[in-house]
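> If you want the building blocks of each chain, they are given just below.
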Amino acid sequence: MQPITLKGRRIVEGQCKAEALVSKKPISFLGGVDPADGKIIEKGHELRGECVKDKVLCFPHGHGSTVGSYVLYSLAKKNLAPKAIINQTADPVVVVGAIIANIPMIDQIDIKQIETGDLVEVNACKGIVKILKRRES
Amino acid sequence: MHLTKEEERIYDGEFGWANQICMKILVRLGELFNATKLIPISSAHVSGVSYKTLGDAPIDFLEAIANAGVKTSVKATLNPHGIDKEYLCKKLSSDICKKQWQILEYFNKMGFKNSLTCTPYYLEKLERGAHLAWAESSAVVYANSVIGAWTNREGGPSALAAAIIGKTPDYGVHKAENRQPKVLVNVETSLRNETEFGALGIFLGKILEDKIPVIQGLQGASQDHLKQLGASLASTGMVNMFYRNNRKVKVNELEKISVAKEDIRRAMEELTTTATQKPDLIFIGCPHCSLREIRQIADCIGTRKVKAETELWICTSRFIKEKAWKYTEKIEQSGAHIITDTCAVVAWTDKLRIKTIMTNSAKTAHYAPTLSKAETTLMPLKDCLETAFKG
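For the record, the sequence lines run as chains A and B.
Here the first sequence stands for residues 3 to 139, where the numbers follow this note's numbering.
Here the second sequence stands for residues 20 to 410, where the numbers follow this note's numbering.
Don't read these hints as lab results, they were simulated from the structure.
Hints should not be assumed to be uniformly reliable.
Anything over 10 Å on all C-beta distances counts as not near chain A; from chain B, calculated [said to hold, decoys possible]: (1) Glu27; (2) Thr72; (3) Val325.
These stretches of chain A come out as covered by chain B in the derived footprint (C-beta under 8 Å, 3 or more residues) [unchecked claim]: (4) 69-75; (5) 88-96.
Cβ-to-Cβ under 7 Å is the rule here; a few derived chain B residues that face chain A [as the list claims (entries may be wrong)]: (6) Gly67; (7) Pro77; (8) Gly175; (9) Pro176; (10) Trp367.
From a predicted model like this one, the values you see are computed outputs, not experimental measurements.
We put the beta carbon where it would ideally sit given N, CA and C, even for glycine.
Please model the entire structure based on the sequences and the hints provided.
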């Protein structure tokens with residue numbers, strides 16, 4: 003397929019190529035993601051049970067306690083962090099978390115264009131997300 | 020964002036990893052909110068100190084940053100943590116206490132003072148118009164509205180970064196144009212006690228969104244009343260300040276809201292989830308008591324004794340407790356506990372088997388069902404104390 007290029011805003015620089023994990027709902031890192039294994043544990047969340055490790059994690063925005071920023075640091079220290087974070091609208095909790103955990107991050111991306119399982123390339127320095135390959139159905 | 024030469028050097032890592040991370044947090048947050056520069060602050064106040072609310076996740080980061088040798092560059096204070104040395108420490112597992120002391124040690128290593136209070140504004144006189152970087156939403160509203168200092172509602176990590184760098188990005192209510200009122204609130208009933216002021220805050224927080232109100236009808240409100248109003252306003256809403264009447268504003272340009280007696284009654288009712296007359300805990304001191312409140316409690320208690328098996332906590336800062344020793348001794352003789360450094364919201368009340376809490380604080384009544392898994396009764400101070408003496 004022809005790669006689809008989405009342009010957003012650089013929040014934390016860095017590059018990677020990995021599989022996307024897409025959530026339509028916001029994510030609260032405090033209480034919503036288990037810092038011990040990187041799995042989403044929020045009750046009723048569509049991605050409950052999925053692991054964020056090494057994924058390009060796409061979600062509209064964060065919510066909940068600012069302590070959530072520290073959860074991202076803790077995940078990174080245990081090699082359980084996502085490879086990149088793509089948001090519709092960046093919020094302070096996720097921005098601070100991505101900075102301290104050094105996770106490439108872009109916002110102002112229409113995440114509805116991306117589907118779980120797509121292979122995506124992130125160039126956060128340029129604020130670009132490229133969908134290289136659609137999920138094999 | 021425009022950075023000075025020195026700020027740029029910190030940003031580029033010339034002063035080490037920890038300073039760089041702190042500068043990055045401030046700059047990126049600034050960019051997010053369209054700030055064009057950083058401004059110096061006179062103090063920072065950090066929330067997220069209690070191991071109960073933090074959990075294990077932040078310990079790694081606090082350890083790394085403390086061990087990197089960075090130091091606070093302005094007066095930097097801490098919110099309450101999860102234990103109190105004299106009383107609760109003895110009732111909780113040593114594992115919990117050890118983790119809590121560890122967190123505190125990292126903050127101390129960075130130069131934070133062990134203020135351990137949600138009322139840093141009692142510790143020293145603040146200048147009107149001073150720029151601050153405070154977390155703890157109740158203190159933010161008090162600083163902006165009662166004292167006239169200027170602070171956004173920081174998160175724990177951004178307040179920490181501001182404490183280290185000594186600056187904050189210039190956005191939000193640091194700019195005069197963002198401090199303009201948008202709503203005129205007319206309180207049509209006279210509020211009789213601190214609890215009703217708290218209920219007003221809970222009610223308004225839900226409907227104001229981020230619109231700053233001018234609240235008419237607060238004549239006779241004491242600073243302690245306004246403290247309750249602000250604390251609960253921040254619990255349910257996003258707004259970081261309010262004005263009282265007598266302000267020169269073009270009233271006809273503002274959206275108008277009226278608050279009736281019935282609205283206050285209903286808000287009070289919703290904050291009471293149990294009808295028990297024998298709560299496991301009677302809790303006064305959210306936000307932490309002022310000197311005047313401690314005196315008021317001592318006067319109200321007189322020579323009466325708290326009934327056996329009734330737990331009465333009066334929470335305040337270590338600073339105020341020392342200043343109020345004449346009254347606190349008298350209060351403790353009644354069988355009540357003066358507890359410093361913590362409160363019923365950030366302490367492990369559930370591990371102490373506290374399932375019902377009676378309080379005069381609308382903020383506590385709002386948070387206790389979720390944060391402490393407790394049922395609540397919201398009552399004014401006098402009724403809370405009466406219950407403690409009746410048993």
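> Compare the structure with each hint and give your call.
Do the hints match the structure? See the list:
| no. | hint | verdict |
| --- | --- | --- |
| 1 | Glu27 | 16 Å, holds |
| 2 | Thr72 | 7 Å, violated |
| 3 | Val325 | 35 Å, holds |
| 4 | 69-75 | holds (count 5) |
| 5 | 88-96 | holds (count 3) |
| 6 | Gly67 | 5 Å, holds |
| 7 | Pro77 | 3 Å, holds |
| 8 | Gly175 | 5 Å, holds |
| 9 | Pro176 | 5 Å, holds |
| 10 | Trp367 | 16 Å, violated |
Hints 2, 10, counting from the list given before, are not met by this structure.
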